[in-house]
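> With chain A held as given, fit chains B, C, D, E and F onto it using these hints.
Protein chains in written order, with full-length UniProt numbering: chain A, 1 to 236; chain B, 1 to 236; chain C, 1 to 236; chain D, 1 to 236; chain E, 1 to 236; chain F, 1 to 236.
I should point out that these hints are in silico values taken from the structure, not numbers from a laboratory. Possibly wrong hints are sitting among the right ones.
In this list, chains with the same sequence are indistinguishable; a pair is considered to hold if it fits within one copy or across any two.
Listed below are the simulated SDA-like cross-link pairs for lysine to any residue, each with C-alpha atoms no more than 20 angstroms apart in a straight line [claimed, not checked]:
(1) K231 with T87
(2) K231 with R158
(3) K17 with D187
(4) K231 with S10
(5) K17 with R2
(6) K231 with N63
(7) K17 with A225
(8) K17 with A168
(9) K231 with T30
(10) K231 with R39
(11) K231 with R2
(12) K17 with E161
(13) K17 with N63
(14) K17 with A234
(15) K17 with V33
(16) K231 with L146
(17) K231 with T11
(18) K17 with S153
(19) K231 with S13
(20) K231 with A116
There are 6 protein chains.
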Amino acid sequence: MRLMVINPNSTASMTEKIGAAARAAASPGTEVVAVNPLRGPVSIEGYYDEAMSVPGVLQLVQNAADADAFIIACFDDTGLDAARCLTDRPVVGIGEAAYHFASLVANKFSVVTTLARSVPALEHNLIRYGLAARCARVRSSEVAVLELEHAGSAACDRISEEIGRAVAEDRAEAIVLGCAGMADLADRLSDEHGLPVLDGVSCAVRLAEAMVGLRLRTSRLGGYAPPPLQKLAALA
Amino acid sequence: MRLMVINPNSTASMTEKIGAAARAAASPGTEVVAVNPLRGPVSIEGYYDEAMSVPGVLQLVQNAADADAFIIACFDDTGLDAARCLTDRPVVGIGEAAYHFASLVANKFSVVTTLARSVPALEHNLIRYGLAARCARVRSSEVAVLELEHAGSAACDRISEEIGRAVAEDRAEAIVLGCAGMADLADRLSDEHGLPVLDGVSCAVRLAEAMVGLRLRTSRLGGYAPPPLQKLAALA
Amino acid sequence: MRLMVINPNSTASMTEKIGAAARAAASPGTEVVAVNPLRGPVSIEGYYDEAMSVPGVLQLVQNAADADAFIIACFDDTGLDAARCLTDRPVVGIGEAAYHFASLVANKFSVVTTLARSVPALEHNLIRYGLAARCARVRSSEVAVLELEHAGSAACDRISEEIGRAVAEDRAEAIVLGCAGMADLADRLSDEHGLPVLDGVSCAVRLAEAMVGLRLRTSRLGGYAPPPLQKLAALA
Amino acid sequence: MRLMVINPNSTASMTEKIGAAARAAASPGTEVVAVNPLRGPVSIEGYYDEAMSVPGVLQLVQNAADADAFIIACFDDTGLDAARCLTDRPVVGIGEAAYHFASLVANKFSVVTTLARSVPALEHNLIRYGLAARCARVRSSEVAVLELEHAGSAACDRISEEIGRAVAEDRAEAIVLGCAGMADLADRLSDEHGLPVLDGVSCAVRLAEAMVGLRLRTSRLGGYAPPPLQKLAALA
Amino acid sequence: MRLMVINPNSTASMTEKIGAAARAAASPGTEVVAVNPLRGPVSIEGYYDEAMSVPGVLQLVQNAADADAFIIACFDDTGLDAARCLTDRPVVGIGEAAYHFASLVANKFSVVTTLARSVPALEHNLIRYGLAARCARVRSSEVAVLELEHAGSAACDRISEEIGRAVAEDRAEAIVLGCAGMADLADRLSDEHGLPVLDGVSCAVRLAEAMVGLRLRTSRLGGYAPPPLQKLAALA
Amino acid sequence: MRLMVINPNSTASMTEKIGAAARAAASPGTEVVAVNPLRGPVSIEGYYDEAMSVPGVLQLVQNAADADAFIIACFDDTGLDAARCLTDRPVVGIGEAAYHFASLVANKFSVVTTLARSVPALEHNLIRYGLAARCARVRSSEVAVLELEHAGSAACDRISEEIGRAVAEDRAEAIVLGCAGMADLADRLSDEHGLPVLDGVSCAVRLAEAMVGLRLRTSRLGGYAPPPLQKLAALA
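Just chain A, same shape as in the assembly (with noise of 0.2 angstroms):
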């Protein structure tokens, strides 16, 4: 099985980054492909960014003939409803996947992401998967997403304090980290806190993985209904 991950950034140290934790979680037998478009936003910093990267996400998603599935290896899922429309193969999004397997081991949870400027497009996507009602509250730890590509104990610590907020004022039973660059957080926070802490590329993976084991095709009709071919050729 192969699996696309795509970083909608265009920092490569990221994507590599992003890489090595696919890879980490994956299971044997799965071949992970980490790349990102050459163009576009260094980093995904809110609605903006988020803009901006898509068209470069969905050419890498029309491109890629051989993947077996897709994974927004962004927190926002950088246009993870435009991708659905160009494959019926899995299109997985880093936030989507950890936010449902939050919900399988807490009854809430709490998200601590990077900038406050991220916050709403994350609770926007919430209400819109309809797990709002799992998420105690989205929490911002004001560390920027490329400060953590040099990350050293200040980003962590700062990320670890507001777990500590999570816990003690949202009643948290589970914590998902926001960024795709808290990859490698995960296991020493949650071991600090002694509760689950989901880095959503992992969970994305094992999700892809489980869709593809399970044949699963995104729904043709309606709102993922593919466009016209003339509309993917002259886009192209």
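Positioned in the frame of chain A, the structure of chains B, C, D, E and F alone reads:
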């Protein structure tokens, strides 16, 4: 006052029609500039078209130094959140404008849009805006967007039938027409069915004028905080 | 265009202040007539005052043959639904006007109103309008309505403190001032806190103008159907 | 124990009928006093009638020194919140009483009321009470309130047909009759359709008795805080 | 009238205390029979206890030929839906009874229960009943159920402190005590805090009496349809 | 990896069929052990059956020292929350598994289950999981659970007809089959209707595998905290 009305698709004839509708709705003294991206989908029908047209919309917003407010003239309010990050001048989507006004003249309204594939995106917007509680149902007439460009009576008849069903089955007290290309049908359908039929283009024009008049600015805190300058420069 | 601005309480000095605020907000060519019922509560603070002031408001609407639209200038939108049964000309509440505009410039807003006893009525309105999803919290400043009539800095300071809490605790991106008597404080507080602070009176004036400009009429179907003439005659 | 049953409309024959229904439902030892305002709408059908009848209802509550509890015997629960500000003795609306009991005997219920114009007000109440989640649908039978006063079989047949639709289409497990004037039809319709059919008048009587028995008092904190004495005096 | 009050746990001393509270709340002429399953958890604190106590509760309902109504005297309303399938006589949970009455005397209430582990089950009940909209917050006092059996002032003090927080932080207008074992504390706490404090046992007694008086029966359609006789026989 | 698949009813032939479906869906290397309680209802159709089967399910979980994860193979997710208190190894219900996957391939799905009496329990689960927002409607086919054991074409035809209605009336983009006994029908019905048809058993197998692969554990904080040992011992 100068309003930039952005048709997110690349069909110039539709831009003209939208521009004419906007001018007809505008107050004396309001200048309407109707534009569209040079490239991008010829019509917006569903998630994929929406995603692909956003960068073009954003570029138009970024370069429009002399507009007092912006109208996004596609009923899915294409790129609305991202555009609000680029300027604190008002940005109004024609979908949201129609929903807000419909809420002021009816307890419940129904939407009649083009194709079934567009329905989920509109439903998501309504949930996100909070106005889903006021919308009885989003209905599709199976009239394609560009069919409306040379709309004989058949297209209008299909829309009219759907309005009849909305009144009988949904107990809708008002109707929102779910496509910029239906702007010229509102008055006729309102007379025919004896209830308010709202067209988003004219609603958005008057709403944007009101916001300019109020000197109302988009918040720079939280989700609409402006992206850092180097990001904007890199993507220009 | 002639707007009738109805202060539902019987305090004439407050009507004058509201009228001045409305005139300051109105477009050139809009005539503002500010009125209040001769009898009824001197201020609207909670359910009882609200109920007792409605018949006076409705009588003013019924007798206003020459108004193009009506504004109900109490933040609970006193008698709004009943007034819409009496005329198909636009009737706008200052509460709803502010909520709708706040939704166009912020992902989430908070309301800062007068007394705690007024909070539940505002919360019910927000739920009914559908916009509760956009409101982070309704806060009381414990400044009474008539205190605002001779408001020294103390009242404004208390409101300002509450705005500070709304930004810090609710992550509000905009503030709605929850009383007609706060109209003159909006600009000052907006400057002080660096975010949009909306006053309902001016919002309602521009929204009513927009509706008149759109020739938008309240639906006569369903909940706003006009009462039979003999009922109206009997109660006149 | 003395219950004051207030018919908010001014039709004395309906007050008598409601009083009889209340007495038939009351426990031994409960005295029922059925009253109505001398002036006001002859029937409550929609927002306008509701608003115009409230001051009369409130005056009756204010002057009823010897009642142990109050029942507002109009299905829109006319003036309920305002009445609760005037006394800490229980005030129960017949609409809410029926909804609460229906929630105790059925997973979902439907309401069958009089005219379509009354439906939105009932829907708003259900949302505000929180019980909208338990109500499958509010249906109108197009039987006017006063038609029920000399109700031959035709009115009852129309209501019965609507109940049939509620069972078949809404999967309602119980029916709430949406008008005080339908009190005498409940048993017959329950037998006919083989499911609980609830009449608000009797529900409210027993619920008010229960509250008096529990010595339960309306909260004086927050939204039901009593208005200042000088206000009450001024409006008496 | 005979009410069977079922304490779902197997602690006889608690059954006695609950029985005494029920008798104190009952009308003259109501006979209260307080029972508990012989086997099963000694207290109900969370999902596991709840599940293990249900079969014992159901057996008591099935064998109680002469009861006119049933009260399930654990605050999670243990086995309520299943019990309603076994008889059309009223079955009332003490949790739901308290929530319904609290909704009649307050705009918003908070719950103060025992341990944190019980909170999610109560939150789920509130959502399912529809009354989550009326509940500001479910709070735990960290007083264990059986601690209440020999409750010195310490337990009551902890509960009282939590009520103080509910008033200050949640703007609760009434308090619901979230455990059958707190029945004897309600009056004292109500006096201390000056707001309604509701105990579910007495609420359920009066509510069940009201339902018997109304001859209200649980619906036999849909979710509460009785199981086939052979199933009941096989499991007896 | 060893998965224990628990059929909560006591019909061994159904356990076999479910076990076969689970094995067919499992990855190579996954061992499936299918079991059922020795006593308890022969089928789970509604609240009563559900309640009576839970203790048997919990006992199986408690004694299964060597299972890596548990699947509860009844579509009401019988005893799911209680089972999660007994172990931190993953416990997955087939209902929730199907809902989560359906949310990943469709904007909206409908459920087609067995009898009308089962519908409310499924609706409550959907609300509690948060996924009610994604479910267009829960439909009953009036095919009893055990009828599926010797299902000729009639049962499958009735289910197929209901799927047809779900597509036409609910605009469902995917279908979830609402009974473990329908596992063998999914592929056929998917081909027939041209949209994803999900079977909960296979969904749960792959989801549980994913959770084991992720080393994801149920939270021990809050609602899923383990019961004290003496309680567990007393009930063993």
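> Taking the numbered hints from earlier one at a time, note which ones the structure violates and give those numbers from smallest to largest.
Checked against the structure, the hints that fail are numbers 2, 7, 8, 9, 11, 12, 13 and 14, while the rest are satisfied.
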